[in-house]
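Residue numbers (the working numbering), protein chains in the order written: chain X, 1 to 102; chain W, 1001 to 1411.
Do not take every clue at face value.
Said to hold, decoys possible - DEER-style ranges, computed between Cβ atoms:
no., chain 1, residue 1, chain 2, residue 2, range
1, W, 1400, X, 14, 41 to 51 Å
2, X, 25, W, 1377, 34 to 44 Å
3, X, 83, W, 1230, 43 to 53 Å
4, W, 1271, X, 23, 55 to 65 Å
5, W, 1219, X, 79, 13 to 23 Å
Unchecked claim - To spell it out: a stretch of chain W is covered by chain X in this simulated footprint if at least three of its residues, at any positions, have a beta carbon under 8 Å from a beta carbon of chain X; those stretches are:
no., segment
6, 1192 to 1202
7, 1219 to 1233
No wet-lab data here; the hints were simulated from the structure.
From the three backbone atoms N, C-alpha and C, an ideal C-beta is built for every residue, glycine too.
These are the residues of each chain, in order.
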Amino acid sequence: MEKVIAGKTIAVNEEGYLTDFKQWDKAIADELAAEAEISLSPRHWEVLNYLQTEFKNEVPLSIRKIGKSGVVDIKEFYQLFPKAPLKTATKIAGIPKPASCI
Amino acid sequence: MKHLVILGAGTAGTMMANHLSHELKKADWKISIIDEKEEHHYQPGYLFLPFDIYTPDDIIKSIEEFIPKHASLVKGKIDKVEPKENKVKMADGSELNYDILIVATGAKIAPEETEGMKGSEWHKSVFDFYTFEGSLALRNKLRNWEGGKLVVHITEMPIKCPVAPLEFAFLADSFFRHKHMRDKVEITYVTPLSGAFTKPKATEALEHLLEEKHIKIESDFAIEHVDNEKKEIVDYGGRAIPFDILVTVPTNKGDEVMERSGMGDDLNYVPANKATLQSKEYANVFVLGDASNIPASKAGSVAHFEAEILTENILRYIKGEPLKEEFDGHANCFIETGNGKALLIDFNYTHEPVEGSFPFPGIGPLKLLKESRMNHLGKLAFRWIYWNVLLKGTHIPFVSATMSEAGKKYN
Ligand SMILES: Cc1cc2nc3c(=O)[nH]c(=O)nc-3n(C[C@H](O)[C@H](O)[C@H](O)COP(=O)(O)OP(=O)(O)OC[C@H]3O[C@@H](n4cnc5c(N)ncnc54)[C@H](O)[C@@H]3O)c2cc1C
């Protein structure tokens, strides 16, 4: 699927997650954040950068790991990205939705 | 003489002791298996005990009964493994040296990870059903309960048998219906996932069943604490869900022995190669069952498939041959849906559960991802199979260790 975000045509999946991280840029993040009714502060960016680094290092993401990362605690993570923070934050960061293994 | 040591005589360890006692030459190899408990519990039975479907006698036997003659059962608590020294230290101070080590110490609940969970209401109105004690306490509570809000809850993934909490909700619906009090009970299913399950097709089928049974679902709920006074669970976003009975699956963790040994990850699971089951750090250490960190379901059926492949890999390791990268994450789970019916799912690392027939393509007799009475009989037969076939390490006819794609409806 494709979607026009911040004036660019971007490849996304059915849930709106970018399928090619190379297409991501800050303007896209701002627009995706706006869709989730979030305006990105420097604190948001610290978390987004952390998530992207973990993604590049192929570290599986979970709420527990983020809570222990030292970057943000779970409470604040919820304040920054309300309701379903991991899903929202990964979407804005342009990385895949974490698959919780079973 | 060489020494192979198995840590844990639960489902996985017992199966390996049985497989290897057939395969390893007695003159060359001694097999020891260590456990601190006297009893072997059929854990899937913990799901049925609260509803008086099984009795404690159905699910408890002695560990000793299932250990083969040629393996020696060492009773006691494992204090520590020193993998660089090839040594296991017991809590009583004794030591075992090994040539090959198999880690099968399982997983268990850790309610202390969540604030207030193991508080004043623990086993009074806050229950688990992942331990014998919890399941029995819940049975006693449900026998006289007059109704109210029943909340079935998962704290965080991964958990053993990830479908068990859903089954609990379905069986509760059926239980209260038969007691003619379903109208007095409000059932809510609370999960940290975005839906009823982790895989899309199964999620769709299961959410449909929840709706049909009037079970409300609250998803994306990451619990912060249990409020014992107000009797509610609260998530990090401040969402609160009130309960009269909370049936929770606490965080699951590997045994602390792996933490003490420096062999576990942040949840004490031991990193292993997901296709060979060899430890990522130590070539002569192998991991199977719930103790492992591989991204497969933590289920007895998975341990069974792993055991077949691991047996072959251990023989290869002994001969100095390359290991087979064969384990594909195969899992096969019955899902009780109440009223004498069940679903069956069959899947692996790469293929999600879909509709179809099992084990004979196009014939069955079991149906995948569809409710049927036959599947329910399959689930009940699983207990007999567990005690008489699985633990003994016998191959189940027609069911291969790796998943078969035949008879399944993939798009
Ligand atoms: C409620 C419930 C329902 C389930 N339903 C199903 C189902 O329908 N189908 C299915 O396939 N699976 C099901 N399972 C999962 C299944 O029971 C487990 O996956 C299986 O038992 C795992 O086997 P294991 O050998 O890895 O761990 P376990 O069987 O738990 O064995 C671990 C053993 O190690 C011993 N041990 C650990 N640490 C130490 C130590 N430090 N010193 C000494 N001994 C130690 C323990 O005493 C224990 O005996 C269910 C589980 C639960 C809880």
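Query raised in the report: Regarding residue 83(X) and residue 1230(W), is the given constraint of 43 to 53 Å on their beta-carbon distance met?
Result: violated (22 Å)
Query raised in the report: When you take the CB atoms of residue 1219(W) and residue 79(X), is the distance between them in 13 to 23 Å?
Result: holds (20 Å)
Query - Outcome, coverage of the segment 1219 to 1233 of chain W by chain X - at least 3 residues whose beta-carbon is closer than 8 Å to one in that chain - result: holds (count 3)
Query raised in the report: Within the segment 1192 to 1202 of chain W, is the number of residues with a Cβ closer than 8 Å to a Cβ of chain X three or more?
Result: Since 6 is at least three, the answer is holds.
Report task. Evaluate the given range 34 to 44 Å for the C-beta pair formed by residue 25(X) and residue 1377(W). Result -> violated (57 Å)
Query raised in the report: If you check the beta carbons of residue 1400(W) and residue 14(X), does the distance land in 41 to 51 Å?
Result: violated (33 Å)
Query raised in the report: Are residue 1271(W) and residue 23(X) spaced within 55 to 65 Å by their CB atoms?
Result: violated (33 Å)
Consistency with the previously given hints fails for numbers 1, 2, 3, 4, ordered from lowest to highest.
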